[in-house]
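Given the coordinates of chain A, assemble chains B, C, D and E onto it according to the supplied hints.
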Amino acid sequence: MTPGAMAGVLLQVVLLIAVAPYVVGVMRQVRARLEGRAGAGIGQPWRDLRKQLAKEAISPEGSSWVFTAAPVVLLASTLVIAAVGPFISTASPLDRVADLFAVVALLLLGTVALALAGLDTGTAFGGMGASREITVAALAEPTILLVGFALSARVDSSNLAAIVDRIQDNPAQVLSPASVLAAVALAVVVVAEAGRLPVDNPSTHLELTMIHEAMVLEYSGRDLATIELAAALRLTVLLGLWANLFLPWGVATSASPSALGIGAAVFVGKVAILAVALATAEVFMAKLRLFRVPELLAGSFLFGVLAVSSSFFLA
Amino acid sequence: MRSLFRKILTTGRVAQPAPARASDQAADPGVLRGSVQIRHVDAGSCNGCELEIASAFGPVYDAERYGARLVASPRHADVLLVTGPVTRNMEDPLRKAFEATPAPKRVVAVGDCAHNCGVFAGGYGVVGTVGDIVPVDVEIRGCPPEPDVIVAALRDLTGR
Amino acid sequence: MSNGLYVQLLYLAVGGLLLSSVLVLWRRELSAIVRLLIVQGTLMAVVALLLAIERDSIELVVVAAEVVALKALLIPGILRRVLRDSAEARETEPLINVTASILTAAVLTLVAYGISRPLVRLAPSIETQAVPVGFAMVLIGFFVLVTRRRALSQIVGFLLLDNGIATTAFLLTGGVPGVVELAVSLDVLLIVLVLQVLAARVRLTFGGTDIDELRDLHD
Amino acid sequence: MIPALTTGSGAADAVLVVAPLLAPLAAAATAAVLRWRLATGLVTIGAAGIILATGITAATRTVDGTALTIGNWLRVDALTALMLIVIGAVGIIATCAGLGHLEGELERGHIDDTGAHLYSVLVPLFLAAMVLAVLANNLGLLWAAIEATTIVTAFLVGHRRTRAALEATWKYVIICSVGIALAYLGTVLVHYAAQQAGVAEHGSLDWTQLSAHAEDLDPGVMRLAFALLVLGFGTKAGLVPLHSWLPDAHSQAPAPVSALMSGVLLPVAVYALLRYRVIAIASISPEFVRALLLTIALASLLLAASLLITQRDYKRLLAYSSIEHMALVIIGVAIGTRLAIAAALLHIVGHGISKATLFCGAGEILSRTGTTSIAEVRGLLTRAPVLGGAFALGLAALLGLPPFSLFFSEVGLVRAGLTAGLGWAMAVMLVLLLMVFVAIAVKASGMLFGEPATQPRPTVRTLAALPFATAAPIIAGLGVVAMLGIVDWPLGPLLHSASLIAGTP
Amino acid sequence: MNLVAQALLGGTVFALAGAVGAALTGPRVRAVVAGVSTSVCGAGGLLAGIALVDGQTYSATVPGLLPLGTAAVAGDALSGVFVALVGAVAVIAGIYSIGYTSPGSPLDHGPGSGAGSRTVQAVLPLFVTTMVWVPIAGNVTTFLVLWELMALTSLVLVLAEHRARPQVRTAAAWYASMTHAGFVAILLALVLFSSQVGGDSFAALRVGAAELPTTLRSLIFLLALVGFGSKAGIVPLHVWLPRAHPEAPSHVSALMSAAMVTLGLYGILRVGFDLLGGGQRWWWVLVLAAGAVSALYGVLQASVAVDLKRLLGYSTTENMGLIFMGVGAAGIFAADGDRPLATLLLAASVLHAINHTGFKTLLFLGAGSVLRSTGLRNLDSLGGLVSRMPITTALFGVGALAAAALPPGNGFVSEWLLLQGLIHSLPAAGSPSVLIAVAMPLAVGVVALTAGLGVATFVKAFGVGFLARPRSMAAGNAIESPVSMRAAMALAATGCAALAIVPAIVGPTLNRVAATFPTVCDGAPLQGGVTLQLTRIAGSMSPLLILCGLFAAALVIVVTLRIAGRGLPRRKALVWGCGGTRLDPRMEYTATSFAEPLTRVFDDVLAPEQDIDVTHHAESRYLIESVQYRQKVADRVEVALYPPLLGAATGWGRLAGRMQNGSVHRYLAFGLVGLIIVLVVVGVTS
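Protein chains in written order, with this note's numbering: chain A, 1 to 315; chain B, 1001 to 1160; chain C, 2001 to 2219; chain D, 3001 to 3505; chain E, 4001 to 4686.
Heads up, a few of these hints could be off.
To be verified - In silico lysine to aspartate or glutamate, DMTMM-like type, Cα no more than 20 Å apart, as pairs:
1) E:K4572 <-> A:E56
2) E:K4572 <-> B:D1092
3) B:K1007 <-> A:E282
4) E:K4572 <-> B:E1099
None of these hints come from the bench; they were simulated from the model.
The following block holds chain A by itself, in its conformation from the complex (with noise of 0.2 Å):
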């Protein structure tokens, strides 16, 4: 592992942490737009934090160290995505640590972390949250295994830089049935995972319509920082793969400076524009019924498959 590429690595993550609450800022501050208001500023998710960081932490009692550790994890997973995924470069040299399928895997970790302490609260509210959140993460994993295996297929590895790698060798296939179909199916996904409209509201205080919100009810100070960190992240990180597997210029292909300069620069408008097209679709859409979600992840499913079917037949 030359320090080049170390620092590429390092350049990556620090990058990503840096961007992910200016994501969530952008999305708040396009919707308070579209709808008519001034809107408190990208930056005003990072004050959040600031000031989280600085606050009290409190313990529900009878939480375990289940609960305390959680949001730990649930970063820790995320940063290891960040860490490993051709965010910017697909010369890391961790690349190798995890594929798709891993990659995956550990988003799957951090959503069951929060799961269990939400469970660990105690609360109907903790448990009505994790519930409903490993419900939808149960049914979004066939959606995102699927569209692995089309995009993989045709490379025949699963390893992200490979694809990568491999779309901007042949830009044509951005535009294969397969490409577009895994595309939206994987979309779908995204905003299942990342909590966004129409699966769960991120910004609702009814109780009984949260997912994510419900299981994180009782943190408070950095417990709470670190969780809204991590979940800006994983936003940032879903919106940068969704980029990077079907719009994938711009990557670096090397770990020189320069090239890495190129691909954070890439990198950071090619999420603000997703995050702008995000949010700005919100808009327009109302939350589905909880039990309305399914169908949507069916659909999802479905246009996986025809990607999956596509990617053999018509390749």
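Frame of chain A, contents of chains B, C, D and E only:
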């Protein structure tokens, strides 16, 4: 969807321009600088204050632009926004909400009733003012207080 | 004895055996049935005797005497005692009525003819030509067992069956070897004795000898 | 065909042939004179022991293919020796259990002194009749001996003199007499065929002669004869269509008698068929023999399986299981290869001993709970661990679980059947066996396990530990069946030479 | 006598001695004797298995045993893996049983009953012995004997607590019946095989298989599939499994669910790949389909189960389903000639079997630990064990992580491998066959959905069962288990962890197993130490580095938080109950409510029966006194398949019973009719 889009385009920004802030009267917001999460506790209000709070966070007054945000849990909150005289049944919940809020925390008593029980003073179901139950940091007077006033008080807390 | 007379007498006796079996199906009085059994036993002895004369066999004469003693005297005697002990003089309504029974007997006789073809074919002779009668007696005896309800009638059915076998044995081979014959006769006698004792117990225990009433044991 | 046999007939051998016959007769005489008492019981056990001992001695003499004969009438070869061992072994278990049984029955007043006397005379006679059947070289004698068992056991089945016992006895005697009469007709036809084939007059019913000249016998007559013999001896073996006496008689007879009937009487009838089969396959087409036996056996198996499903009475359950096992043995006979015959014989041994222990166990359960209803016996393992455990192990043996030898005989049967190209029959057999297994397992689990919910009916004896005289033979019997399943040497060679006598290569 | 023989025989001698010893000693000594002898027997197996995998062979014929057959043993690398697995589980279960069965637990229902009874303790080492020997069997007879002995001994163990609960009896009856049905199928398959090739030994079968006609080979395979599938708990033959495993004492559940069930896989591999040498493609499509149905159905049932041990039982069906999917796919590719891919899939299956053994042992032992100290299996009444039984909770958590197939658990590694195999079914050049193009995406979908629901299942099991506050008095009074139980669980957890972090340690084993199937497999499937590297396929993953990454990130986070938090203390406060009264444990989410969304989503498949009883107040029907809600999710496959079968059998039995109506005339009529029929047939056919 198209109609909604057209609506967005034609309506534009409805938020009033931010009024200037009398910076001298504000204490240092400390940890809460730039970001205040608020848990609203209705301790027995007639819902007049609630209407005003709602409009303070609506598009026109848009308190959120100053970094204030309503949240669902006192655990997430820095500030308790308490309205109304404290009724017998809400006394304990108020205390619990205060207890549940992580330090450093502020209590904002909204409306005259929170200050002196207003017309409800002496009612059989009224325990007392908010200040009798929890330490109040900021009081917003008015029956009900206008959104402007509420927003101004919140701006003092965030320092924006 | 001339061959013609032998044949006529033999066939007469054999025919009598078949007739007596069928008549058992027809008659309702138990005493009449026992009498028919005596007739049948006697006819069997006649058959044995005819064979003895034909073959000049002393052994068969002894067998004939034994048959008379056992089947015409001893066993009917036992049955008479059974009859005397019980107050039942008549067979109750058989499970298949008399007309149908006799028709069935006719069918059974035909079947017997059919199935005993190989026996006749192996060694066609005067005696073996009559073997189907033995088979018919076996089947009719079995039929009596199936359709007649009284304990006594069942014993009679068994005896008819046994007589049929003995007749077959006489006609086919002039009887089985002596020791075996003796053992067989003893066995038949013992079984009749056992059945007699059992019939008496049945009467005492159940107050009648309608065997079809004995249905406590079932699945 | 029969392998070349050397025939031995020294004085010692003569004793060997006659002793098993005389010993039970002597015991019967003793019992007749002394009436019922402990000594009589011990003498009877001794007689059974002598049968076993001579069986084993005979086995060592005949395992090399030797046959010991006395005149044309009696003959001991490996097959006979094996049957003697079964009779002796089951006899010991049954007579030992008989001690306790009679005492109990007298104590409770179910029988009187005369009854006990009758019992103690008839049981050794029963043994003697069966010994005679397996010793007989003359087929007529074989028939008469088997017929004699009916006569002897008639009063044993009806020993209790209850209504049900009487009913069972009547059915038993009538049906078996009819059946065995058919076998007699078959014997007569064989005699006829032998005469026509020129087999010497005095030897025309000798098995030795007949099996040597089997090819000369007329196939037409022999087909008829064999069919009659199968139906006739099949009646005594509890096979369809004249099987119906069996559940009634087995469930009403005193437990030791049921043990003897199920453990050895039925196999003795099968033994007769085994002997006749040797003649039949040589004189008529082996396919016919196989088809007939297989049809009857599978029908019996189907019947047993069907009636076990809804069985409510554990003694009848054991009775139907006997039909099932005889059907299995007949399937082995039908297949007829040496492996199949060896398996069938091993099955006879295993089934005989384990069924005897089970009937004795069932008798104990009956005497302790006062009911034969499966539904009314609960939590046996908790209430009487030794009895329940023995019953459970016996059932396991019966269901063909290892290490009991029935497992191996069943596997052997399947192997032989599949090798002989009878795949469909084996499949049907195994499916029916599975039905039997499920039926018995479900019923047994109800009887054996769980906490007894209600107090048992008041009975004379409480569910105390088993008396030693009953427990010892049961446990020893199960031990032997298990031992036969684990090691091959005690029976292996004997089974092999017996299968040489009765099996086709 | 080589090491294999020494280890096996030594272990067996110990086990027999232990059985005798346990039968003769008092309850306290008995527990130790049985446990130690079981462990020693297991250790023998483990040693022998490792030696076999290492390349030693062991074959022998013992004359004079087993009537009508011969006793023969023959071990190869395939045997070795399974012997070692069984041995390892036995070592752990043996240690565990010392504490579990020693007197003084709430499960103790008095002397002589339950898992500590004389019979059960004596049979335990025997059960292990039979299991250890099953994969070593060298001919059909020996295999059948050992197989059935294994069933019998396990049946005795399942019945251990028959006095405590009536369900034990039902479970045992189901188990006995299903396992016997399976045995019948195996018996027919193997004996048909051996009778057709004219030899009893596996070596003879292997040689003779090629000459058998295809239909016969297919028949043999199908029968074997049914037989071994029923042992492996494959749907629809699984019905015994979720009944028997919960009712058995927990160390027995572990032995059954982790070790015995795996022998079903051994059977399929031995017969399908080894003796029959691969075979038709449609066989393996069938295996794949059966595996897929099992995986999905098992995990669905597990995800809605509320009985902890039943949940684990269904999870066994799920995991065996996944394993069968791998085996099926391997078979398909082998039949298509893509042997390297077949090798990979086979390795994935075997690895998953190994991993499943590891975590299922741990989970059942954990469940047993809970059961022993609370008497509860119902998740709806558990909770709060994390503070009362911290070690059990932590160790169960390790198992749950693995069973949920999440990194850094060991289950993840093998599922990853399985997915890699399935995903790379697209040939590098040319278009794939339609079957593969249809089957493989569906298979991936099934694996994925299974994985997702598996996560839900184990979040529920761990989160509801161990976390939060106790939902019952019994759970509130729980105390940590005895040291031997904890040690055993720790041992199992160590095994899981080792497999999770450096799966490469079993790489050589998998390669050797693959080498035992020369007609199916080709080459070594995977290589690498720290990073798992597939041979032909560009796939790599490093569980160790992922774990390191997680640790490093966690460390950074914790340190950062410490610094940023400026030493602010963590405060304990009452749970936020929206200002209401103190939250009652009854207000907590239960396992039933946790699974409710899934129950709803899959209600077409699960068909839950719900029952709500509202009792109104006597004075006014507007006042409600109580509301009772009951939900039962029956096993729908069982309900659809078995009751009709049993009903038909019962009806038939009744019909047959009516035939025997007691009339002697009727009985004689049977005879007469039978006689005439037989005689007429004889006459006609002459």
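Results for each hint:
1. E:K4572 <-> A:E56: At roughly 11 Å apart (the allowed maximum being 20 Å), E56 (chain A) and K4572 (chain E) satisfy the hint.
2. E:K4572 <-> B:D1092: Holds - the C-alpha atoms of D1092 (chain B) and K4572 (chain E) are around 19 Å apart, at most 20 Å.
3. B:K1007 <-> A:E282: 15 Å, holds
4. E:K4572 <-> B:E1099: Holds, at about 11 Å.
Going through the hint list in order, the structure satisfies each hint without exception.
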